[in-house]
Amino acid sequence: MPYLDISHLEKSFGTNRVVKDFSLPIEKGEFVSLLGPSGCGKTTVLRMVAGFETPSAGAIRIEGKDVVPLRPNQRNIGMVFQAYALFPNLTVAQNVGFGLKIAGVAAAESRARVQEMLELIGLPEMGGRYPFQLSGGQQQRVALARALAPRPRVLLLDEPLSALDAKVRVRLRGEIREIQRRLGITTIFVTHDQEEALSISDRVVVMNAGIADQVGTPFEIYNHPASPFVASFVGTLTPFEATVVDPAAGTVMSGGLTMNLGRALAAQAGASLPIALRPEAVHLGRASGREIVLPATAREVEFLGSVIRIRAEAGGQAFLLDTFNRHDAPPPQPGEPVEISFSGRDVVVIGGR
Amino acid sequence: MTSSRIWSWVAFGLGVAYFLLPLVGMFEFSLRARRGEYSFDAYASVLGDPQFRTTFAYSVTMALVTILLGVLIVLPTAFWVRLRMPRLRPLVEFITLLPLVIPVVVIAFGYIRLYNTSSILPLTGSVMGTNVLLALGYASLSLPYMYRAIDTGLRTIDVPTLTEAAQSLGAGWATILGRVILPNVLGAVLSGAFLTFAIVLGEYVFAALLNRPAFGPYMVWISGNRAYEPAALAVIAFAITWACMGLISLVSRTQKHTRARS
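Chains as they are written, first to last, in this note's numbering: chain A, 712 to 1064; chain B, 3 to 264.
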């Protein structure tokens, strides 16, 4: 039995169905991210788990017990908000101790727990400060400590990093994951940032138009997207339309080019098959193990720092490719003829392996 | 100094004179109770009058009751409208403005008709009942000020998120209102409270029609029967109002967590 079991959840606002038959079993201590564009229903699912929205249908069970009839303050679920939501009139220590005070925890025990939480988030000296005296990153850490202090059964994180600047965001997401691992708390994290979701989750749920398009580990989601939406939303890729030639041998044809994907395909010969290439699978120039070599023309060159992203065109088809930046090998200029190479084994079959 | 600057100062001086001269005149007049020299005799007479003390104490008590009643009615209403029914805000604002539109005499007569001794709820039949009716009347008179002050205070905080944060930490509605919302809009509540205090202290129509021993009717009575005392009373009333204003700014400055905002 899963620790947190969301089954057949539905939510409609008037005639607008924002969550459709959403099911997700989560094991104890798991870190699951809900990833999707705005309006896909991910925050609504989170708010239903928290109790701020009532599902139109379905059940949310924690340790086998349905929590839907319970009010938000009866669920013992911690939540961290995008806007921090620290109480401005209370000090950091009072904020962290708020849930403990409501739970009727004795003063001495509460003080010790608050100190423990402040040490956990690396702000042991900040107990006496007010929220306005802290930076955004510090405020969000306090919000995390406040949510964790009453030992909630589940932790919900609603885009907690979105309001922070890039460097703080990367550092804090590592800290959040570290704290979550240490406490072993079951966590649902909502984000629209795929890098964030892939980097810290045990499993990722990619949501689109109220439906869970794919549930899997970051590795599975990235390498074996189950739908064209997942393929396009997670990472960058170049899509192709191919025709299956020999499904047993894994041979397909696209734009007059025959490719062997190195694995059997679950499709009939002659059927069309959506395939794609990740930019990191395409190499600039020839390379061993990349049997397909195409003459191309560089069209756009984007310098991203450690990586250079090139859009090249071969036989009327655009290819995106990433190459590491090397100070002794300047990238091609737009319009310059180049050679690109890739292997059929690196081709991503959308909706199947 | 340029000529435009001179004219600015002239305009400023005229404005100050317009407001201050009547006050200075009144103050000067209030000191003339003793023939041929200035004295505080009028003030001593007013402050020594047992009727002043009882009416003032009565009005202060009524003001405190009204403030409590107003906060209890307005804070949860404004909070709920902001949290759950933002579409109703224009309607609630309109309702709270009604006491400014309808003359107090009309409201008072309406109350007397509704709650007289032959009605289902005969509040005017006893002293305590009349006091309750008066407090309710004052609370309705203070609605426009109290609602606007509290609603403005609520606008400065993220009511829905703070409420949800408190709920997720186990707080019920009373805790949310008392320990999260109220402390964060305390400055606004106090400014509404002091305005209410000033209104109740000077209110005449309600108290006179309900025949209660309030400060407003006393001021009217004394101005018809004495020469220097009304002026002294007016100066005292001004001093109280200014003290209230001073308290508002003092309280809003001493709130630690709002220092960064100001």
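Accuracy of the hints is not assured; some may be wrong.
Here are the simulated distance ranges between beta carbons [stated by the list, open to error]:
#1 A/Ser749 to B/Thr243: 24 to 34 Å
#2 B/Pro92 to A/Asn1036: 57 to 67 Å
#3 A/Ala982 to B/Pro162: 44 to 54 Å
#4 B/Thr158 to A/Gly847: 44 to 54 Å
#5 A/Ala818 to B/Leu66: 28 to 38 Å
#6 B/Leu85 to A/Gly847: 17 to 27 Å
#7 A/Ala1029 to B/Leu85: 20 to 30 Å
Chain B side only, calculated, beta carbon under 8 Å to chain A, not exhaustive [as the list claims (entries may be wrong)]:
#8 Thr4
#9 Leu156
#10 Asp160
#11 Thr163
#12 Leu164
#13 Glu166
#14 Ala167
#15 Gln169
#16 Gly174
#17 Ala176
#18 Val182
#19 Pro185
#20 Asn186
Keep in mind that the hints were calculated from the coordinates and are not lab data. This structure is a prediction, so every number in the text was calculated from the model and none was measured. C-beta atoms are modelled at their ideal positions from N, C-alpha and C, and glycine is treated no differently.
Structure-based check of each hint:
{"no.": "1", "hint": "A/Ser749 to B/Thr243: 24 to 34 Å", "result": "violated, 51 Å"}
{"no.": "2", "hint": "B/Pro92 to A/Asn1036: 57 to 67 Å", "result": "holds, 58 Å"}
{"no.": "3", "hint": "A/Ala982 to B/Pro162: 44 to 54 Å", "result": "holds, 51 Å"}
{"no.": "4", "hint": "B/Thr158 to A/Gly847: 44 to 54 Å", "result": "violated, 19 Å"}
{"no.": "5", "hint": "A/Ala818 to B/Leu66: 28 to 38 Å", "result": "holds, 33 Å"}
{"no.": "6", "hint": "B/Leu85 to A/Gly847: 17 to 27 Å", "result": "holds, 25 Å"}
{"no.": "7", "hint": "A/Ala1029 to B/Leu85: 20 to 30 Å", "result": "violated, 50 Å"}
{"no.": "8", "hint": "Thr4", "result": "violated, 42 Å"}
{"no.": "9", "hint": "Leu156", "result": "violated, 13 Å"}
{"no.": "10", "hint": "Asp160", "result": "holds, 6 Å"}
{"no.": "11", "hint": "Thr163", "result": "holds, 4 Å"}
{"no.": "12", "hint": "Leu164", "result": "holds, 6 Å"}
{"no.": "13", "hint": "Glu166", "result": "holds, 6 Å"}
{"no.": "14", "hint": "Ala167", "result": "holds, 4 Å"}
{"no.": "15", "hint": "Gln169", "result": "holds, 4 Å"}
{"no.": "16", "hint": "Gly174", "result": "holds, 6 Å"}
{"no.": "17", "hint": "Ala176", "result": "violated, 11 Å"}
{"no.": "18", "hint": "Val182", "result": "holds, 6 Å"}
{"no.": "19", "hint": "Pro185", "result": "holds, 4 Å"}
{"no.": "20", "hint": "Asn186", "result": "holds, 5 Å"}
This entry does not satisfy hints 1, 4, 7, 8, 9 and 17, going by the numbered hints stated previously.
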